[in-house]
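A.B. asks: Sequence:
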Amino acid sequence: KEYELQSDKLREELSRRYGSDVELMNLRHGIFDEASISVISRGTVLGIERESGRGEGPCDLRRFRPNVVIETDSPVPFAEDIWVGRTLMFGEGNSGAAVKVTMKDERCVMVNLDPDTAEKDSEVMKTVVV
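The numbering of the sequence shown is the working numbering, which starts it at 20 and goes up by one.
Because the hints were derived from the structure by calculation, they are not lab data. By construction, the Cβ of each residue, glycine as well, lies at the ideal position given by its N, Cα and C atoms. Warning: the hint list may mix true and false statements.
[Stated by the list, open to error] Label-pair distances were calculated between CB atoms; the ranges are:
1. 70 - 26: 44 to 50 Å
2. 33 - 84: 21 to 27 Å
3. 38 - 148: 39 to 45 Å
Please construct the entire structure, taking both the sequences and the accompanying hints into account.
C.D. replies: See the structure below:
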């Protein structure tokens with residue numbers, strides 16, 4: 020089934036599936052991601068660890084809040100940059116998912132925060148934006 024994004028029918032269907040009333044909201048401001056899917060490669064995370072000089076161990080993937088983490092054959096940092104304008108295919112044949120990469124992932128200051136302690140580490144962001 021397809022529903023208009025702000026329609027009462029969508030709200031009713033979600034309420035039925037959830038088992039309780041839901042309300043649809045359109046947030047114009049706040050903390051949100053620019054796109055529906057955020058993709059990062061393990062090579063990028065390893066590169067950020069190396070370049071930022073983080074001595075306390077690996078950079079936690081959760082800092083970047085990705086939906087998809089990709090491990091490539093060659094762990095080149097920031098390989099995602101060359102994926103812009105291309106389509107990533109998941110699975111085999113025509114039955115797999117396809118995701119069009121429309122833009123580089125703009126990172127915000129949230130990458131500076133340790134996901135467990137909320138302790139700041141500005142070296143992560145400095146490495147990402149250089």
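A.B. asks: With reference to the structure, classify each hint as holding or not holding.
C.D. replies: Hints, verified against the model:
The hinted window of 44 to 50 Å between residue 70 and residue 26 holds, with their beta carbons roughly 47 Å apart. In this structure the hint that residue 33 and residue 84 lie 21 to 27 Å apart at CB holds, the actual value being about 23 Å. Taking 39 to 45 Å as the suggested C-beta distance range, the pair residue 38 and residue 148 conforms, at roughly 44 Å.
Hint compliance for this structure: no hint is broken.
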